[in-house]
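Protein chains in written order, with the numbering used here: chain F, 248 to 378; chain E, 570 to 882; chain W, 19 to 576.
Hints in this document: simulated from the structure, not taken from any laboratory. There could be a bad hint or two in this list.
[As the list claims (entries may be wrong)] As a list, the in silico DSS-like pairs of lysine-lysine whose alpha-carbon atoms are at most 27 Å apart:
hint : chain 1 : residue 1 : chain 2 : residue 2
1    : E       : K799      : F       : K377
2    : F       : K329      : E       : K796
3    : E       : K799      : F       : K329
4    : F       : K344      : W       : K477
5    : E       : K796      : W       : K447
6    : E       : K823      : E       : K810
7    : F       : K328      : E       : K796
8    : F       : K329      : E       : K579
9    : E       : K839      : F       : K327
10   : F       : K349      : W       : K504
11   : W       : K290      : E       : K796
12   : F       : K329      : E       : K810
13   : W       : K534      : E       : K796
14   : W       : K477      : E       : K796
15   : E       : K823      : F       : K374
16   : E       : K823      : E       : K839
17   : W       : K504      : F       : K374
18   : F       : K344      : W       : K504
19   : E       : K576      : F       : K377
20   : W       : K537      : E       : K796
21   : F       : K344      : W       : K478
22   : F       : K327      : E       : K576
23   : E       : K576      : F       : K328
24   : F       : K351      : W       : K290
25   : W       : K457      : E       : K799
[As the list claims (entries may be wrong)] Covered stretches of chain W (chain F as the covering partner; in silico rule of three or more C-beta atoms under 8 Å from a C-beta of chain F):
hint : stretch
26   : 49-60
27   : 75-88
28   : 313-323
29   : 425-434
30   : 561-567
For glycine and all other residues, C-beta sits at the position ideal for the given N, C-alpha and C.
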Amino acid sequence: MEHRIRVLVAKPGLDGHDRGAKIVARALRDAGMEVIYTGLHQTAEMIVESAIQEDVDVIGLSLLSGAHMTLFIDVADLLKKKKISDVIVIGGGIIPKKDVPKLKRAGISGVFGPGTPCEDIVDFIQKNVKR
Amino acid sequence: MNEISSKVLKGDSRSIARLITLSENNDPKAKMIMKDIHPYTGNAHVIGITGVMGSGKSTLISELSRAYREQGKTIGIIAIDPTSPFSGGALLGDRIRMMELTMDKGVFIRSLGTRGMLGGLASSVYDVVEIFDASGKDIIFVETVGVGQAEVDIIKIADTTLVIIVPGLGDSIQTLKAGIMEIADIYVVNKADRDGVEQTVAEVQSLVDIVCSDKERKTPIIQTISKESKGITELINEIEKHKNFLIETKELQKNRRVRYESELVEIIRKRLMNLIFDESKFKDKVELLINKISQKEIDPYSAADEIIGKILK
Amino acid sequence: MFGDEEIKKIKKNTKDWEKNDYFPHKKKHPERKENFKNLSWNEIKNVYTPEDIAHLDYEKDIGLPGKFPFLRGVHPTMYRGRLWTFRQFSGFGSAEETNERYKYLLEHGETGLSVAFDYPTLYGYDTDHNLSRGEFGKCGVAISSLKDMEILFNGIPIDKVTTSMTINGPASIVWAFYIANAENRKIDRRIIGGTIQNDILKEYIAQKSFIFPPEPSMRLIVDTFEFGYKEIPRWNTISISGYHIREAGSTAVQELAFTVGDGIEYVKWAIKRGLKIDDFAPRLSFFFNSHNDFFEEIAKYRAARRIWAKELKKLGAKKPRSLLMRFHTQTAGCSLTAQQPEINICRVTLQALAAVLGGTQSLHTNSMDEALALPSEKAVRIALRTQQIIAEESGVSYTPDPLGGSYYIEWLTDKMEEETYQYWDRVEKLGGVIPAIEKGFYQREIAEAAYKYQREIDKKQRIVVGVNEYQMDEPINIPLLEMDEKGEHRQINRLNKLRKDRNNQKVNRNLSKLEKAAKGEENLMPYILDCVHSYATLGETCQVLRDVFGEYEEPAIY
């Protein structure tokens, strides 16, 4: 059996800061994962549809504009609505610590703020994928 | 029939996607489902697209898909990118070039890594074509890694193969590796607004004249500017013409036969490799033999004889 | 600068020093690293001597402040005459909240205003557009109409203080809001001063808040150049930016090369349109980052001035005002940490000092909570005080270009200039700036540099205090900005009321006229001003241009 972890890296909303998303995509590739980067300006519908077609294990959301409470939770809610339960959602960017509990309750299983070493994200994914 | 099989036949996206994953992972569950769906295949027109990086394959596929959608056809797109030989990971970067198709219910895009397979394709691509076919897709695009020394395997799977060339990009036609140019059923000169397009078309034309001098069908050359949606209608017409040509001359059956042969060979190859290198029965024996080869106690051919001998027993 | 004989002597002495002192000492006490590479991965030597700058001619290459090639500064007196402007980039939530923050900053000694807009505004969408969902006011102030602009500057003397606006795609429209507001307040358009960022090339390269494709975007920009020098003579119609390129991960050399290269591209487009270089060049301005490597940043600013002066001369500019490069600087946001945020104050101080020693005309210092939220009052006040301390207490303002003549600095300035021209050769071979953008050249260089830098940090080859060394598990103990929850609601109500109360016939008529003009070749500013005066919204005006010009899709590079 040759399961490779498949990850969708997405930038929801209008935020155009993609430095981090691109670096994480490459780091995950270097860790042996198959990574699909969606590019900018994704809606929750586009992200979830891509995740379905690519049958990913992880959706990684990157946001630095402050709109994470709305946009991250939109994605988590849509996955619930479509009864998709074997995909984990993680997020990164400028996310104040005080917002993290609410995000976790909504279904974002990992939040990675500024200064997170790439290895931490790789480790988290490897330990937490559901398949 | 397996529950997933019937869902796949109905075109359920999640089941299609899940089955592709099972096939990619060589999961034994895939076998049963592929058995169920095989009778329902053979209807889709498989179009292979190959060309150097930067030739605009993904944009062209987007444009062709849009045009086919207007005709009411449904599309499956298989986008293949190279897996890193060092890490085993891959950046699958074709979907991002086709994002506007994501929300179209009639289009299904799947990105695959080559996972070590040479030839420009992924090992599971035969299965994915069958899966898309059985789920009712009318057109299946297979976008290969790109043109290099060995990326000619696309002809084993495609009914119609398009080779994309761009004026002034990379080497001129003469220096492209032998075999790449000859696999085309249609040549597409993309970014035809660039300097040097006349020369490029002329070079391709002389190649066509040589290669097709004694053939029934002369390979057509279509110019496109995919960014501006130009030349797409002409290209679709040529694809249709080629499809009809295949049916009329019974070439289609011959080609399909080649596809099934390649598919069979690939399945057998995978099984054998699995048997020899992964399953514990043989694995230790094989490890031992490799050590012996390193220490010059046995040569590789004799070692192979031993392994094959064991399998046949 | 030194005689041949002297240089020969110095060369010999240095070799002797290496043989007799340096290497023996190094053997007994090894250096901390194998080699010392700065942030452009240039190796820094064990010592710099006159030998390293022997090829320079003081008169020609270094010169005096306020004179070509302007290496040492753009004015003869520099900060002895006038300090740099303290201009803190600022904006959040609705116009009312931001108006209060501007008043606070002015009260505390800021000398110029700088507007940060939220994402919907940056993209030309009104607050109630469906793509604005969740984004209102989060990273800047929401401005959807002239009404919002009126509230934003209510009670602020815009005839006496200049305003910089960080807006690109819809820059012409937002500028029109500002002009119209001034006109409504009976302020002569010929005396209002400020800057619009209006630099679309770097959007394609780094910041990504572009709207239209390159050709129509450049047309709009040249329209603003023309309208600017004719009608709003005290306005800088562009701020050619390297800040964002650097934030996206480029090296200092790339920041320098790509930015000044963009500047030349704008000049060429304007000349192609038929504008005279000495008419518009004096109102071009620049915007650089100030990052961690102290001396590299100073060398970068100096090199920028010298390169620009030489290039504009080559392009035919004659007026000194056309040749001198004025720039604003912002300290590097991407260098600040979420961990132990107080120590960001130290980082910002060094970065601000580098900008001042590099001769900046205007400066924004980041707040310590940069990686956590938009600046709190306390944090932005400390950031402002940082500038005031440098200005009043450190003495560095007493003479222009105090580091001029340093062997290291002059060598590094020269090296960065040399590497800039190397980058420009590569861009030329790709067909020029816009073809290089479409081929993804800049984006690839930036992504590579960003990745390389991150790997160095992950492997601890570069230290970030508090992040990969000297870590602490301390909870954040500084006040964070809280925004008014009801702001979005208020804004949407205001928009609805505006759409009802205005003369909609007039609005539609003006929008039609704009559409017609956009399809032709006239300068669009007067048409945009008419739309804006009749209270057409940002979104409505921008949509007309979207329909005519189309939207840009970027090549997928990583």
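Consistency of the hints with the structure:
no.: 1; hint: E:K799 x F:K377; verdict: violated (45 Å)
no.: 2; hint: F:K329 x E:K796; verdict: violated (35 Å)
no.: 3; hint: E:K799 x F:K329; verdict: violated (39 Å)
no.: 4; hint: F:K344 x W:K477; verdict: holds (26 Å)
no.: 5; hint: E:K796 x W:K447; verdict: holds (23 Å)
no.: 6; hint: E:K823 x E:K810; verdict: holds (18 Å)
no.: 7; hint: F:K328 x E:K796; verdict: violated (37 Å)
no.: 8; hint: F:K329 x E:K579; verdict: holds (18 Å)
no.: 9; hint: E:K839 x F:K327; verdict: violated (37 Å)
no.: 10; hint: F:K349 x W:K504; verdict: holds (20 Å)
no.: 11; hint: W:K290 x E:K796; verdict: holds (26 Å)
no.: 12; hint: F:K329 x E:K810; verdict: violated (42 Å)
no.: 13; hint: W:K534 x E:K796; verdict: holds (26 Å)
no.: 14; hint: W:K477 x E:K796; verdict: violated (42 Å)
no.: 15; hint: E:K823 x F:K374; verdict: violated (49 Å)
no.: 16; hint: E:K823 x E:K839; verdict: holds (24 Å)
no.: 17; hint: W:K504 x F:K374; verdict: violated (41 Å)
no.: 18; hint: F:K344 x W:K504; verdict: holds (23 Å)
no.: 19; hint: E:K576 x F:K377; verdict: holds (23 Å)
no.: 20; hint: W:K537 x E:K796; verdict: holds (21 Å)
no.: 21; hint: F:K344 x W:K478; verdict: holds (25 Å)
no.: 22; hint: F:K327 x E:K576; verdict: holds (21 Å)
no.: 23; hint: E:K576 x F:K328; verdict: holds (19 Å)
no.: 24; hint: F:K351 x W:K290; verdict: violated (56 Å)
no.: 25; hint: W:K457 x E:K799; verdict: holds (20 Å)
no.: 26; hint: 49-60; verdict: violated (count 0)
no.: 27; hint: 75-88; verdict: violated (count 0)
no.: 28; hint: 313-323; verdict: violated (count 0)
no.: 29; hint: 425-434; verdict: violated (count 0)
no.: 30; hint: 561-567; verdict: violated (count 0)
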